[in-house]
Amino acid sequence: MRTRGAGRLLGREGRRMADAVLFEFLHTEMVAELWAQDPDPGPGGQKMSLSVLEGMGFRVGQALGERLPRETLAFREELDALKFLCKDVWAAVFQKQMDSLRTNHQGTYVLQDHSFPLLIRMASGLQYLEEAPKFLAFTCGLLRGTLSTLGIKSLVTASVAALPSCKFQVVIQRS
Amino acid sequence: MAVCVAVIAKENYPLYIRSVPTENELKFHYMVHTSLDVVDEKISAMGKALVDQRELYLGLLYPTEDYKVYGYVTNSKVKFVMVVDSSNTALRDNEIRSMFRKLHNSYTDVMCNPFYNPGDRIQSRAFDGMVTSMMIQARQPRGSCVSWLSLGIAEKVWVGALATHMGCLGLKSTGKEGLKGPLSSQWPRRRD
Chain A
1 MRTRGAGRLL GREGRRMADA VLFEFLHTEM VAELWAQDPD PGPGGQKMSL
51 SVLEGMGFRV GQALGERLPR ETLAFREELD ALKFLCKDVW AAVFQKQMDS
101 LRTNHQGTYV LQDHSFPLLI RMASGLQYLE EAPKFLAFTC GLLRGTLSTL
151 GIKSLVTASV AALPSCKFQV VIQRS
Chain B
1 MAVCVAVIAK ENYPLYIRSV PTENELKFHY MVHTSLDVVD EKISAMGKAL
51 VDQRELYLGL LYPTEDYKVY GYVTNSKVKF VMVVDSSNTA LRDNEIRSMF
101 RKLHNSYTDV MCNPFYNPGD RIQSRAFDGM VTSMMIQARQ PRGSCVSWLS
151 LGIAEKVWVG ALATHMGCLG LKSTGKEGLK GPLSSQWPRR RD
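Chains A and B supply the protein sequences, listed in that same order.
Just so you know, we're using our numbering here: the first sequence kicks off at 1 and counts up by one.
Just so you know, we're using our numbering here: the second sequence kicks off at 1 and counts up by one.
Hint data in this document are derived by calculation from the structure and do not stem from the laboratory.
Please read these numbers as outputs of a predicted model, since none were measured by experiment.
Mixed in with the good hints, there may be bad ones.
Stated by the list, open to error - With beta-carbon atoms standing in for the labels, derived distance ranges:
| id | chain 1 | residue 1 | chain 2 | residue 2 | range |
| --- | --- | --- | --- | --- | --- |
| 1 | A | D99 | B | R97 | 36 to 42 Å |
| 2 | A | E131 | B | D120 | 55 to 61 Å |
| 3 | B | N24 | A | W35 | 55 to 61 Å |
| 4 | A | K96 | B | E41 | 37 to 43 Å |
| 5 | B | G119 | A | A92 | 22 to 28 Å |
| 6 | A | T157 | B | R125 | 38 to 44 Å |
| 7 | A | Q106 | B | V38 | 32 to 38 Å |
Stated by the list, open to error - In silico DSS-like pairs for lysine-lysine, Cα to Cα no more than 27 Å straight-line:
| id | chain 1 | residue 1 | chain 2 | residue 2 |
| --- | --- | --- | --- | --- |
| 8 | B | K77 | A | K87 |
| 9 | A | K87 | B | K10 |
| 10 | A | K83 | B | K42 |
| 11 | A | K153 | B | K27 |
| 12 | B | K42 | A | K153 |
The beta carbon of each residue, even a glycine, is placed where N, CA and C say it ideally should be.
One chain only, chain A, in its complex shape:
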């Protein structure tokens, strides 16, 4: 059963998480609500909505970054934090792990998910490709927020080549 599966992943402390589909519905509604105000806001307006979504994801990510690594010992390096993102955060939010993590060892990481749960219900292929970025903004913010709580300043962008597979590019900002 779906709920049992989700509960098992956060089951370290015996707490059961609500069904994952609730978050998917909420997310869809959030995007729909921001676009419902003005279906064709023009390039400026659209950027505003995207940054609102990203900001929401950022705050959620900050809280997640505090709550998730509970009994885990301190991260020794950046790569450990990224691995934590791919495994623990993804599993907690989307009930699956990231499919691949690549890096150029110079501060750029590409996280690839072959069947991203927020896109999987939309299409499988090239249909709705232009609409896809809206549905990734929140997740980009989530990643950025979690990294910021772990002490890493970053810039996260997402790209879709074909639904439901998508890539998140994380560029670490070193001051």
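Position chain B against the provided structure of chain A, taking the given hints into account.
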């Protein structure tokens, strides 16, 4: 039981600091501030050593003549510093660890509160309540301070008064003896 509890952000400014009000608070603020150096030292020392991973609980940071200071760092580089009274020798390492764990849990709850902006001072009443439960309760004012000996006397006086009252009642109920003899005979006899 702690005497002072502080939560320090990763940029090393206090998010929350509270100490027992009867003492000079500035002294505790200063102690917490100096302990930050020790925390930084411990973090960097553990990083350099090829220990697999650093533990969150740092243990005793430094002892002074009256107090001991303990530290804990989370994965988000937020530090918790706790000052306890040295004279309280019954406090074991496990208890300190569990106090820090409670602090960490409450701090996580504060972070998840949507009305809290990360980086602000913590004003949550729930957090306050949790910290109050782990601090030494305010000491009783001198007047009501009761020592073991004085309690003994007070107890005796109380027992005596109650006994007299009961004795009077007893005499009343039987009604036959009346108030005879000296007053001392109305004290209840000890059951030996």
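Problem - Pair hint outcome, K87 of chain A versus K10 of chain B [Cα-Cα no greater than 27 Å] - result: Distance ~25 Å between K87 of chain A and K10 of chain B Cα, so the pair holds.
Exercise for the section: Starting from K153 of chain A, check that the Cα of K27 of chain B is at most 27 Å away, please. Expected result: Violated: K153 of chain A and K27 of chain B sit about 35 Å apart, past 27 Å.
Practice task
Just tell me: holds or violated, for the beta carbon distance of G119 of chain B and A92 of chain A against 22 to 28 Å?
Solution key: holds (24 Å)
Practice task
Just tell me: holds or violated, for the beta carbon distance of E131 of chain A and D120 of chain B against 55 to 61 Å?
Solution key: For E131 of chain A and D120 of chain B the Cβ distance comes to about 37 Å; the hint is violated.
Problem - K96 of chain A versus E41 of chain B beta-carbon gap, inside 37 to 43 Å or not - result: holds (41 Å)
Problem - Proposed proximity, K42 of chain B with K83 of chain A (alpha carbon, max 27 Å) - result: holds (25 Å)
Practice task
Just tell me: holds or violated, for the beta carbon distance of Q106 of chain A and V38 of chain B against 32 to 38 Å?
Solution key: holds (34 Å)
Handout entry: Pairwise hint evaluation, K153 of chain A against K42 of chain B, where the allowed Cα distance is 27 Å at most
Key = holds (24 Å)
Exercise for the section: Starting from K77 of chain B, check that the Cα of K87 of chain A is at most 27 Å away, please. Expected result: holds (21 Å)
Exercise for the section: Given the range 38 to 44 Å, decide if the beta-carbon distance of T157 of chain A to R125 of chain B lies inside it. Expected result: holds (40 Å)
Problem - Satisfaction of the hinted span 36 to 42 Å by the C-beta atoms belonging to D99 of chain A and R97 of chain B - result: holds (38 Å)
Practice task
Determine whether the Cβ-Cβ distance between N24 of chain B and W35 of chain A falls within the hinted range of 55 to 61 Å.
Solution key: Hint holds: Cβ distance 59 Å, inside 55 to 61 Å.
Checked against the numbered hints above, the structure violates hints 2, 11; every other hint is satisfied.
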